[in-house]
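Protein chains: 2
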Amino acid sequence: MESSSNARVLAVGKAILEKNDGLASRLREEFKRQGIFVLNVVSSPGSGKTELLAKTLRLLTSQIKVGVIVGDLATNHDAERLSGHGAEVLQIETDGYCHLEANMIQSAADQLGVVGLDLLIIENVGNLVCPASHDLGEDIRVTLLSVTEGEDKPLKYPTIFKSSQAVVITKTDLATAVEFDRELAITNISSVTPQAKILETSARTGAGIEAWAEFLLTAQKAKIG
Amino acid sequence: MESSSNARVLAVGKAILEKNDGLASRLREEFKRQGIFVLNVVSSPGSGKTELLAKTLRLLTSQIKVGVIVGDLATNHDAERLSGHGAEVLQIETDGYCHLEANMIQSAADQLGVVGLDLLIIENVGNLVCPASHDLGEDIRVTLLSVTEGEDKPLKYPTIFKSSQAVVITKTDLATAVEFDRELAITNISSVTPQAKILETSARTGAGIEAWAEFLLTAQKAKIG
Chain A
1 MESSSNARVL AVGKAILEKN DGLASRLREE FKRQGIFVLN VVSSPGSGKT ELLAKTLRLL
61 TSQIKVGVIV GDLATNHDAE RLSGHGAEVL QIETDGYCHL EANMIQSAAD QLGVVGLDLL
121 IIENVGNLVC PASHDLGEDI RVTLLSVTEG EDKPLKYPTI FKSSQAVVIT KTDLATAVEF
181 DRELAITNIS SVTPQAKILE TSARTGAGIE AWAEFLLTAQ KAKIG
Chain B
226 MESSSNARVL AVGKAILEKN DGLASRLREE FKRQGIFVLN VVSSPGSGKT ELLAKTLRLL
286 TSQIKVGVIV GDLATNHDAE RLSGHGAEVL QIETDGYCHL EANMIQSAAD QLGVVGLDLL
346 IIENVGNLVC PASHDLGEDI RVTLLSVTEG EDKPLKYPTI FKSSQAVVIT KTDLATAVEF
406 DRELAITNIS SVTPQAKILE TSARTGAGIE AWAEFLLTAQ KAKIG
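Protein sequence lines correspond, in order, to chains A and B. Read in this note's numbering, the first sequence has 189 at position 189, and its numbers run on one by one without any break. Heads up, this note's numbering is the position in the second sequence plus 225, with the first residue counted as 1.
If you're looking for bench data, these hints aren't it; they were derived computationally from the structure. Beta carbons: idealized from backbone N, C-alpha and C, even for Gly. Some hints could be false.
[What the hints assert, rightly or not] No more than 25 Å apart at the CA atoms, straight line, and that leaves these computed lysine to any residue pairs for SDA-like:
(1) A:LYS55 / B:GLU376
(2) B:LYS448 / B:ASN328
(3) B:LYS387 / A:ASN76
(4) A:LYS19 / B:LEU409
(5) A:LYS162 / B:THR319
(6) A:LYS197 / B:ALA299
(7) B:LYS422 / A:THR75
(8) A:LYS19 / B:GLY321
(9) A:LYS162 / B:GLU318
(10) A:LYS55 / B:LEU399
(11) A:LYS55 / B:ALA402
(12) A:LYS55 / B:PHE405
(13) A:LYS55 / B:LEU409
(14) B:LYS387 / A:GLY96
(15) A:LYS55 / B:ALA400
(16) B:LYS387 / A:ALA74
(17) A:LYS19 / B:ILE241
(18) B:LYS280 / A:CYS130
(19) A:LYS162 / B:ALA299
(20) B:LYS387 / A:ASP95
(21) B:LYS280 / A:VAL178
(22) A:LYS162 / B:ASN301
(23) A:LYS19 / B:ASP320
(24) B:LYS244 / A:GLY96
(25) A:LYS162 / B:PHE440
(26) B:LYS387 / A:THR75
(27) B:LYS387 / A:ASP152
(28) A:LYS55 / B:ALA299
(29) B:LYS280 / A:ASP152
(30) A:LYS19 / B:LEU242
(31) B:LYS387 / A:CYS130
[Claimed, not checked] Some, not all, of what chain A presents toward chain B, calculated at C-beta under 8 Å:
(32) HIS85
(33) LEU174
(34) LEU217
[Unchecked claim] What follows is a set of in silico ranges between Cβ atoms, one per label pair, in the way DEER data are often shown:
(35) A:GLN34 / B:GLY321: 30 to 38 Å
(36) A:ALA222 / B:ASP335: 51 to 59 Å
(37) B:ASP246 / A:GLU93: 22 to 30 Å
(38) B:PRO419 / A:THR218: 44 to 52 Å
(39) B:GLU408 / A:ASP95: 26 to 34 Å
(40) B:ARG251 / A:GLY35: 53 to 61 Å
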């Protein structure tokens, strides 16, 4: 993999990533100044980001003011699914980009209107690779792992799991049907990211949803006070 | 999304993609000259690419000579899972790349040894975005959609579905448990890629595996003769 084309990708990528990181740092400062806690939610497509957030929003919006930015290559389906739960929601269509970038968040935050928010949730594009290297100015990054994806995903996509402060195992209602090896999954997550909090949820049955909402509220209070 | 950083990504990307496409065309010619039919399998992480291929390989290798190249960011788990089914298997660790590129296939084909093969199967990195724009010199591209991912994925990731000649719905044994809307999924696939053959499989129960193997054998014979 030492061809010149790869070398060029990496060289150019570095400059762009540094620019993204600089803007992300400025966004983080600005969000902190405004007292807004920012959550970046990442996962493979279909791991249940939107369903988890839809089930969590009402628990959050009864206590704090929440805004949501959702990224997808195409469609505004997720924004529609997340509306009506007490939070303003804005969809970004990335038109081919496999991740959100800090400049997209800057524009989206302006459009959404973040003044007065306590919590800004960013639902990233469904992808276990590209979002890992794009800081969005968030306070915490949370990666979802659905029981249907297989216990080895933390080992196969270590970068994104390593950069996460929490991992949410989703769709636990399907664990038996897919013969999910819970101990193995937790061992794999912990081996890649020992510091991450691990939560287990089922948006369908509601199991673990309150604990997940409580985790976010506690993290928000600890950061913003 | 009109910032200069985005413009640079696209401009540089275009040159690299053109270089990739040129090499892919040469690989396609070379594979054709050698009578090797090439399949590029793409999907989201955890959609069941490896399990589907593991269950299919024995049916194929009893009739034709098959080689497999597997791409992952890290680990050689998939190559291990695919070995012992009568095909030579080579793992590419992309170390951060969210897709395989034609130059990786060129190197891997040299290492694997493709002389005498009838079918070369490439299992791409689990990703519904990046592999879409990287031609690997394949004859057909097949995208998998597991019933657990949701029926809307073809609409949310149209590029990769549009570029596929077949779509394999996987994990159909879980369809009832996840309340999979089969008609809606097929409608969505057909709306994005009307020409694609749609197959339905369960690696766990074996449903549809023979039809999928037959599809590949027929496509291989039609192309290579």
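Cross-check of the supplied hints:
no. : hint                            : result
1   : A:LYS55 / B:GLU376              : holds (19 Å)
2   : B:LYS448 / B:ASN328             : holds (24 Å)
3   : B:LYS387 / A:ASN76              : holds (19 Å)
4   : A:LYS19 / B:LEU409              : violated (42 Å)
5   : A:LYS162 / B:THR319             : holds (17 Å)
6   : A:LYS197 / B:ALA299             : holds (23 Å)
7   : B:LYS422 / A:THR75              : holds (24 Å)
8   : A:LYS19 / B:GLY321              : holds (19 Å)
9   : A:LYS162 / B:GLU318             : holds (18 Å)
10  : A:LYS55 / B:LEU399              : holds (22 Å)
11  : A:LYS55 / B:ALA402              : holds (19 Å)
12  : A:LYS55 / B:PHE405              : holds (19 Å)
13  : A:LYS55 / B:LEU409              : holds (23 Å)
14  : B:LYS387 / A:GLY96              : holds (13 Å)
15  : A:LYS55 / B:ALA400              : holds (22 Å)
16  : B:LYS387 / A:ALA74              : holds (13 Å)
17  : A:LYS19 / B:ILE241              : holds (21 Å)
18  : B:LYS280 / A:CYS130             : violated (30 Å)
19  : A:LYS162 / B:ALA299             : holds (13 Å)
20  : B:LYS387 / A:ASP95              : holds (14 Å)
21  : B:LYS280 / A:VAL178             : holds (17 Å)
22  : A:LYS162 / B:ASN301             : holds (19 Å)
23  : A:LYS19 / B:ASP320              : holds (22 Å)
24  : B:LYS244 / A:GLY96              : holds (19 Å)
25  : A:LYS162 / B:PHE440             : violated (40 Å)
26  : B:LYS387 / A:THR75              : holds (15 Å)
27  : B:LYS387 / A:ASP152             : violated (29 Å)
28  : A:LYS55 / B:ALA299              : violated (33 Å)
29  : B:LYS280 / A:ASP152             : holds (19 Å)
30  : A:LYS19 / B:LEU242              : holds (23 Å)
31  : B:LYS387 / A:CYS130             : holds (21 Å)
32  : HIS85                           : violated (19 Å)
33  : LEU174                          : holds (6 Å)
34  : LEU217                          : violated (28 Å)
35  : A:GLN34 / B:GLY321: 30 to 38 Å  : holds (34 Å)
36  : A:ALA222 / B:ASP335: 51 to 59 Å : holds (54 Å)
37  : B:ASP246 / A:GLU93: 22 to 30 Å  : holds (26 Å)
38  : B:PRO419 / A:THR218: 44 to 52 Å : holds (50 Å)
39  : B:GLU408 / A:ASP95: 26 to 34 Å  : holds (29 Å)
40  : B:ARG251 / A:GLY35: 53 to 61 Å  : holds (57 Å)
Violated hints, listed in ascending order, are 4, 18, 25, 27, 28, 32, 34; each of the other numbered hints is respected by the structure.
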